Amino acid sequence: VSLNRACPPHLQVIPGGLEWIVDDGTMLVPDLMVYDPALVDPDDGLLAPPLLVVEVLSPTTRRHDLVAKRRAYARGGCDRYWIVDPIGPWVLTLELTDHGSYRAGADLDRHGTLRTTTPFPFTLRVADLEVPDVAPPDG
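Residue 6 is where the sequence shown starts when you use my numbering, and the numbers rise one by one after that.
Among these hints, one or two may not hold up.
Claimed, not checked - Pair ranges (Cβ atoms, derived):
1) Pro14 / Gly50: 17 to 25 angstroms
2) Ala132 / Gly110: 14 to 22 angstroms
3) Ala53 / Pro126: 29 to 37 angstroms
4) Asp114 / Thr65: 20 to 28 angstroms
5) His104 / Asp48: 16 to 24 angstroms
6) Phe125 / Val45: 13 to 21 angstroms
7) Thr122 / Gly82: 27 to 35 angstroms
8) Pro20 / Leu44: 13 to 21 angstroms
If you're looking for bench data, these hints aren't it; they were derived computationally from the structure. Bear in mind that the values here come from a model prediction, so they are computed numbers and not experimental data. Glycine included, every Cβ here is placed at the ideal spot set by N, Cα and C.
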């Protein structure tokens, strides 16, 4: 919710639902993304990478979000990828390097505060995350 409030009018925050097809044909639907609506075609979807994608880990998607989607978002050229673990809670921010892979930025536990200026100024206390009712993974 606070990401929506901080978003400038020329950008849009959307939870899921908007498909992004990267150059190799992989279709991705992030849990949340920030994008420029001027770069969306009604027939072809996103014409450029989102400015930010966010994935919320769950026991069933954890490995896919941490490994496969991380690689796919990097291949697609998305500059910022945030991973949120609601069980922790925990937030990891990743930034795309010139070499086409992500480097870790902030790695915050429940006591941390995320402060960023990109894709727009935004502050989030990890403890304030709304945590869905998610059962911890077995084992």
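Hint-by-hint comparison with the structure:
1. Checked against the hint of 17 to 25 angstroms, the pair Pro14 and Gly50 passes, with Cβ atoms roughly 22 angstroms apart.
2. Range check, Ala132 to Gly110: about 19 angstroms between beta-carbon atoms, so the 14 to 22 angstroms window is met.
3. Separation of Ala53 from Pro126 is about 22 angstroms and departs from the stated range, judged on CB atoms against 29 to 37 angstroms.
4. Under the hint 20 to 28 angstroms, the C-beta atoms of Asp114 and Thr65, about 23 angstroms apart, fit the expected range.
5. A beta carbon spacing of about 33 angstroms between His104 and Asp48 contradicts the range 16 to 24 angstroms that was offered as a hint.
6. Between Phe125 and Val45 the beta carbon distance is about 18 angstroms. The supplied range of 13 to 21 angstroms therefore holds.
7. At roughly 20 angstroms, the beta carbons of Thr122 and Gly82 sit outside the given window of 27 to 35 angstroms.
8. A hinted range of 13 to 21 angstroms for the beta carbons of Pro20 and Leu44 is consistent with their spacing of about 19 angstroms.
In the structure shown, a violation is registered for the earlier hints numbered 3, 5, 7, in ascending order.
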